[in-house]
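J.: Make the full structure from the sequences, and use the hints.
Chain by chain, the residues:
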Amino acid sequence: MSTPTLQELVEQLAEIFVLADLTDSESKADVCAVIDQVQQHPASHSKVVEVAKAAYAELSQSLATDANRLAHAISLLDGCIRVMQEIVRDGRDPSKVILPEGVTNPPPAHSPLEVNFDSLLADFVLPDDTQSRNPSQPDPVSIEALLGQVDEVFAACTPTDLRQLATLHELLLTLCRRPELGNDVARSATSTADLVESLVLQDSGNPAADLQTVGQSLVGINKGFRGAGPDAVEVEDVAPPSQPTLQIQLPAAVDEGMLADFLGRQQGCLEEFEGVLLGPRGTDEEAMDQIRRFLHTLKGEAGLLGLDAVQGLCHHAEDKLSERPLAELREALLEAKDWLQTYFRACAGQSPPPPPPRQLSLYKVAMALPKPPASLVHDPLEDMEIGDTSNLFVDADESLLQDFVGESLEHLEAADQHLLELEHDPGNRERLDAVFRAFHTIKGVSSFLGLTMIQRLAHEAENLLDGLRKGTLRGTPPVVDTVFKAIDALKTMISSGAYPPGGAALRDLMRLIRCVRENEGQAEVAAVAQPSAAREASESVAETAVEGGGSVVVRETLKVDAQRLDKLIDIIGELVIAEAMVSQSLADISGLTMQKRNQSQISKITRELQEIGMSLRMVPVRPTFQKMARIVHDLARKEKKEVRFAMSGEDTELDKTVVDHIGDPLLHMVRNAVDHGIEDSPADRIAAGKPAEATIELKAYHQGGYIYICISDDGRGLNKDAILDKALRVGLVQPDQQLSDRELYMLIFEPGFSTRQVATDVSGRGVGMDVVKRNIDALRGRVDVQTTCGKGTTFTLKLPLTLAIIEGMLVRVGAERYVIPTMSIVRTVSIKPEALKTALHREEMLKDGDRMLPLFRLAELFDVGSDRKKGGGTLAVLVETEGRRAAVVVDELLGQEQIVLKSLGHAMRGIPGISGGAILPDGQVGLIIDVAGLLQLAQCEEAEAELVRNGA
Amino acid sequence: MANQAVLMQEEGLGHLAGKYLTFEMDNETYGLPILNVQEIIGMMPVTRVPRTPPFVRGVINLRGRVIPVIALRQKFGMESRADDEKTCIIVVQITIESYSLTVGIIVDAVSEVLNVEGNQIELTPEFGSNIDMDFILGIGKVNGRIVMLLDTNRILSTTELGVAAKSAKAASEE
Chain A
1 MSTPTLQELV EQLAEIFVLA DLTDSESKAD VCAVIDQVQQ HPASHSKVVE VAKAAYAELS
61 QSLATDANRL AHAISLLDGC IRVMQEIVRD GRDPSKVILP EGVTNPPPAH SPLEVNFDSL
121 LADFVLPDDT QSRNPSQPDP VSIEALLGQV DEVFAACTPT DLRQLATLHE LLLTLCRRPE
181 LGNDVARSAT STADLVESLV LQDSGNPAAD LQTVGQSLVG INKGFRGAGP DAVEVEDVAP
241 PSQPTLQIQL PAAVDEGMLA DFLGRQQGCL EEFEGVLLGP RGTDEEAMDQ IRRFLHTLKG
301 EAGLLGLDAV QGLCHHAEDK LSERPLAELR EALLEAKDWL QTYFRACAGQ SPPPPPPRQL
361 SLYKVAMALP KPPASLVHDP LEDMEIGDTS NLFVDADESL LQDFVGESLE HLEAADQHLL
421 ELEHDPGNRE RLDAVFRAFH TIKGVSSFLG LTMIQRLAHE AENLLDGLRK GTLRGTPPVV
481 DTVFKAIDAL KTMISSGAYP PGGAALRDLM RLIRCVRENE GQAEVAAVAQ PSAAREASES
541 VAETAVEGGG SVVVRETLKV DAQRLDKLID IIGELVIAEA MVSQSLADIS GLTMQKRNQS
601 QISKITRELQ EIGMSLRMVP VRPTFQKMAR IVHDLARKEK KEVRFAMSGE DTELDKTVVD
661 HIGDPLLHMV RNAVDHGIED SPADRIAAGK PAEATIELKA YHQGGYIYIC ISDDGRGLNK
721 DAILDKALRV GLVQPDQQLS DRELYMLIFE PGFSTRQVAT DVSGRGVGMD VVKRNIDALR
781 GRVDVQTTCG KGTTFTLKLP LTLAIIEGML VRVGAERYVI PTMSIVRTVS IKPEALKTAL
841 HREEMLKDGD RMLPLFRLAE LFDVGSDRKK GGGTLAVLVE TEGRRAAVVV DELLGQEQIV
901 LKSLGHAMRG IPGISGGAIL PDGQVGLIID VAGLLQLAQC EEAEAELVRN GA
Chain B
1001 MANQAVLMQE EGLGHLAGKY LTFEMDNETY GLPILNVQEI IGMMPVTRVP RTPPFVRGVI
1061 NLRGRVIPVI ALRQKFGMES RADDEKTCII VVQITIESYS LTVGIIVDAV SEVLNVEGNQ
1121 IELTPEFGSN IDMDFILGIG KVNGRIVMLL DTNRILSTTE LGVAAKSAKA ASEE
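Order-wise, the sequence lines are chains A and B.
Each step along the first sequence adds one to the number in the numbering used here, with nothing skipped, and position 276 is 276.
The numbering used here runs 1000 ahead of the 1-based position in the second sequence.
These aren't lab readings, by the way, just hints derived from the structure by calculation.
Keep in mind that this is a model prediction, so the values were computed, not measured.
Some hints could be false.
[Unchecked claim] Estimated spans, in silico, between C-beta atoms of each pair:
1. P921(A) - Q1074(B): 25 to 35 Å
2. D1084(B) - H906(A): 25 to 35 Å
3. E1117(B) - E892(A): 51 to 61 Å
4. D1026(B) - A943(A): 41 to 51 Å
5. D566(A) - E1024(B): 29 to 39 Å
6. D777(A) - D1026(B): 50 to 60 Å
7. E892(A) - D1026(B): 37 to 47 Å
8. A1017(B) - E272(A): 40 to 50 Å
9. E892(A) - Q1093(B): 35 to 45 Å
10. I602(A) - E1117(B): 44 to 54 Å
All C-beta atoms, glycine included, are put in the ideal place defined by N, C-alpha and C.
T.: This is the structure:
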């Protein structure tokens, strides 16, 4: 591995810095290690080294427990990284780059304007603030940050809170040691520090008054340092002419129309916001929600438009709102609202820009907390706020979100798949990268959308994967499982838009990930800093940025309204019929060679068109199969079985509706295969002379207009005796009944049928196979079982290619033609008059074997003229539905057809015995018989007739 | 209907002015607002649907869509007559409650598209309560001919559709 270039190092630093939790000593060590590398890099410019040194020193000295110091370090580091990026990446002349304050060189002489950028930057909530506003200028940091902290700590101080006072003292001492402060200010700071010290030591006679004095001096210090004058909103003696203002420089990329639209809306929104603020007193929940929504929306929009100051302010306000009651924040929020108003007006060029938001009292409220947040950017896991059922996606942009959800789920699906592959082939770099990329992309987008929890989880998982990439971790089962868990959690969160039940679960998962990373990685964590590893990491980032998809083949797809698609298919159907008619009429005429040739061309095109039309609704079964792969994996792990999952024919295409409906049945069958099918332990398998690793295979293929899906396992096979035994016990089978093997095996599909003694959490309640049967029936499919005891079981699903087409028997009754779905037909019989029996001289019965079946005449039920006389020899179709059988008399069987289902429309719904219409090959409509409805109808008729007779 | 009558009296019948597709049945001329008419197709084999009211002739395949067709003669209580080459189906869009429906109306023959001015339209005369005149918007008198202007949406009104469904449903429930 070659050493990484300086640029790669810097980019890596920037990335890990943004994501690192600096309160976590390990993450800090990571960051420090990279800084160290930058320092020592042969290509480093002296300026870079200098900056890196300063950053390193500050960071290594900061303690996780000292929030202020840490915040300071973070802001400094942020500035430093920016400088490095500018020099290294953007190729700026190092001598022209202005170093952040706190770096050992003397402070550059800057204009008041720049000072204000400092103050903005000092607000660590807005780490990106300066970048968009003035990307070419790095920002001096530390003195302003210090002042800000002093202010914040002071605001939190009470005369009796010694801890806060001590912090304040320390800060002031640091402050007065700053050479750039100027003599006067430094002196003032020193005396203030002394005063605070006396407070700390409880020497003061009147702590409250002294504290007030401290406050006044602080205002003075602030003013003194800024030279040009105060900019604090709440300070009365503002000097407007010299007031430094926030320079509003809109990012170039922002669409003007969008901005104008945004600004236009804000006026109204702000007024409403104010109304809410002033409206109800107390912490009215609703008002609080409204305010939160407003802030959140504004934050999002501002973020989109690059108005970082606004975004930061909103973010801060949101933070405060979640910590403190509304009543305490009302004034500060009003102030913030005024500021926003001025800002927006300034954006529109209607008023001078406002002072930076840093000075708003909202920020002063910041530290007035019993426990200051360790860091707003990097709060540790313990500080995570996870609502149990709270909606993740409150107020986020709808369309962006939809895209995010769709894409993320795809990514996760792919990651799932790659991870499964990885398990068998741990060294596969490409797969690993693909999984990594999935997490990385989700992390990026979710952070953009403000979905913090998703981002964090993705980040944790990414860290873990990174360990794998760098070789500090090995793809051991615990590691892989943890990644699977992360994928699942992300899937749940993203698809449902809510956190998994119990916020703690999420936190635990993150802890688990960390824990796994630490334990599995052992002492190798330190190796993170190895140059090669760093190079790879930065490389991967670049890769992700460039190709995005990587090894995942991205097929371009288009979302089309399903109705349009159906319409298109309808019209193609008509074209086919019309074409057939034309070609028929041409065939009847002799001659016309030219026309006939053209006609054959047209018919070819028509057929092709028809094929394409039918394929439009088809999707491959692959995603469904992949889900099964995952289930097998999880279950096998859980039950401590060794299972290899193989699939074939996953590109076989099925109608989307069918694919949507086979998920559940497959799930149950696959679970059964793992749970029941495969022997309890690898040892049992070896004892049975089979390899320890069991195989479950999922196969899909086309055959004769149907799709077959087979699930086979090489396990125990069905136990015929156990099934029979159970069936006898529950009374499904009579002791004297002779059953074929097939009939016997089909018993497992009976509801509540299970040979298991104890139901596990996986299976054994006898529900699963019932679900399978029902779903497959609903899809007009069939399920079959083949099994060999000791060798394994294969379930075969036979499914129609599409639900839009059914196989039907076309029958004629008088002048009408009807379609009876082949699914419900048992067989057709020719009935001799003597086979017909009557009951009560009215109802007709047909003797079928030893059963008497009710016989209905379609002609009578539907009131159409029949060519056959009642009582004569006749033709009947034996139908079966929901376990009931009946014979339906028809005039003629016209043959079996593939029939395109059509709804009869709103006006014709609910006609008993008719489930819909079908376009017959000659273009006419044939009615499809709903067998269940027909039987019900026939019985009603009888009941009615009975009533009439009784009445008579 | 009272509302509509009031409306008509107040505003005159100007809002009914426009183009009508006229057709003849038993020497009477009827008009359908042209905006409701989707197309006119020749008579084609109609698939009878069991258990529907007699005026519902059945369903046809209109370029891949299955639409119901009603026989206007039966609907208007006229004697049915055999279809001939002039018999045709006027495909109209009707709106019942909130959903729109494509329905075919079988008529003896279509005549022409007639422009009816507001001042040529008169209110429907009262024939007595036993004759349902709901589906007649008004009477147009153009060039000495009398055209009954039909309200497409009311020809196949909710109640009647309901009857169609109910009669069948009642049968199944009894």
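J.: Out of the numbered hints, which ones does the structure contradict?
T.: none
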